[in-house]
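Sequences are here, hints too, so could you generate the full structure?
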Amino acid sequence: MAVIGVVSEQAGEARVALSPETVKKFVGLGFQVKVAAGAGAGSHFSDAAFRENGAEIVPSAAAALESADIVLKVGRPTTEELGMMKSGAML
12 MAVIGVVSEQ
22 AGEARVALSP
32 ETVKKFVGLG
42 FQVKVAAGAG
52 AGSHFSDAAF
62 RENGAEIVPS
72 AAAALESADI
82 VLKVGRPTTE
92 ELGMMKSGAM
102 L
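Per the working numbering: the sequence shown = residues 12 to 102.
Take the hints with a grain of salt, since some may be wrong.
Below are the DSSO-like pairs computed for lysine-lysine, each with C-alpha atoms no more than 27 Å apart in a straight line [as the list claims (entries may be wrong)]:
| hint | residue 1 | residue 2 |
| --- | --- | --- |
| 1 | Lys84 | Lys97 |
| 2 | Lys97 | Lys36 |
| 3 | Lys97 | Lys35 |
| 4 | Lys36 | Lys84 |
| 5 | Lys84 | Lys35 |
Hint data in this document are derived by calculation from the structure and do not stem from the laboratory. The structure displayed is predicted, hence computed values, not measured ones.
Quick look at the structure:
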């Protein structure tokens, strides 16, 4: 099963790469979705909403990125985030 990782965006960006409803669709297709805690706060999506739709809420960006086969972001990743991603991950 492929893992999708979602993390918070940089300051000033309120959007998040996935909504809870989209998480549900990906989970239904067989993906595992890991969302960093608080990633949806700027878009008014709670961790509970992501969890209720099948996402695993993880404590940090590193926890979301280190095992992700696919990383979804609105903006480009930071140098730090790139360093957390496993080799071969798709962005």
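message: Please list, smallest to largest, the hint numbers that this structure does not respect.
response: none
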